[in-house]
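> Below, each chain spelled out in residue letters.
There are 2 protein chains.
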Amino acid sequence: MSPTDFPAPSASKDDLEEGAVFSPRFDANGLVTAVVTDAADSTLLMVAHMNAEALALTLESGVAHYWSRSRGAIWKKGETSGNLQHVVEMRTDCDQDAVWLSVNVAGRDATCHTGRRSCFYRVVEMLDGVASLTTDGSVPRFDPETVYGPKNSA
Amino acid sequence: MSPTDFPAPSASKDDLEEGAVFSPRFDANGLVTAVVTDAADSTLLMVAHMNAEALALTLESGVAHYWSRSRGAIWKKGETSGNLQHVVEMRTDCDQDAVWLSVNVAGRDATCHTGRRSCFYRVVEMLDGVASLTTDGSVPRFDPETVYGPKNSA
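Protein chains in written order, with full-length UniProt numbering: chain A, 1 to 154; chain B, 1 to 154.
What you were told as hints is all true, and nothing was included just to trick you.
Distance condition first, Cα-Cα at most 35 Å in a straight line; then the derived DSBU-like pairs of lysine-lysine:
hint, chain 1, residue 1, chain 2, residue 2
1, B, Lys76, B, Lys13
2, A, Lys13, B, Lys76
3, A, Lys13, A, Lys76
4, A, Lys76, B, Lys13
Computed beta-carbon distance windows for the label pairs:
hint, chain 1, residue 1, chain 2, residue 2, range
5, A, Asp128, B, Asp136, 36 to 46 Å
6, A, Ala39, B, Gly82, 31 to 41 Å
7, A, Ser68, B, Asp15, 14 to 24 Å
8, A, Ala106, B, Arg71, 34 to 44 Å
9, A, Ala28, B, Glu89, 26 to 36 Å
10, B, Ser42, A, Met1, 27 to 37 Å
11, B, Asp136, A, Pro3, 25 to 35 Å
12, B, Gly19, A, Tyr148, 17 to 27 Å
13, A, Asp95, B, Asp143, 11 to 21 Å
14, A, Ser10, B, Asp15, 38 to 48 Å
15, B, Ala40, A, Ala39, 16 to 26 Å
16, B, Asp109, A, Ser68, 28 to 38 Å
To be clear, the hints were calculated from the coordinates, so they are not data collected in a lab. For every residue, glycine included, the Cβ atom is placed at its ideal position computed from N, Cα and C.
Put together the whole structure using the sequences plus the hints.
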């Protein structure tokens, strides 16, 4: 399918919320939010963004593609690291401005660019009135510098 | 805590990704993405957005607050419906532009404004080359018109 195949969102709330037409509501930057969880154990792996092209590529290939806001380019997740995301199921939410991908991760089963399985490895807690971060102890499953090159260039 | 208590994000990628300082990276609209899952069974319930005030209110009260982009106001989720979200754990991701709330939902355990438990009640599937939506069969747990008033006003 072509990215242009997504119809414009209906002005009818009923159509948007209860209908069978997938008409993603892209934001001012042409993006929808994508939430990615592991198909086997529901772990939240990452949050990313998709433009129409990334969405079309994902639906056609069954492998997750995103829009990299930092690089301004289509991003086939795992192309460099081997940790491709095979989509088991895609869902959308009530107002169609977000999608949920349930995936199986290939390679080292590591989604985060730090090498960890999930990007959400730190807990936010109030300590003495200050919001602070505590790691959950998860460790990298690959060496980012080996995979992506020297630090801060990824 | 005050919304102004969140420090500006460090320019150091190491600090941002490995540090103990919570310095949310608000976007151009002053928002971070919030992913909300059920603490008991990990079901993805909704995706929303938080500004600094919503984040501070959530951390202080233990009850999820968001920024309603449609209403342009702080939104104490469940204030009208009774389906308040009690936060069991909050996490942030590697680059601190998203948070993950693991919650227990009060009231009718229904997060979506359509009355359903989750906002993600439709599967996106390719049917004859067209991306189409199929409902997962989940039914409303409350009547939105009774709770929110006449349709299309919520």
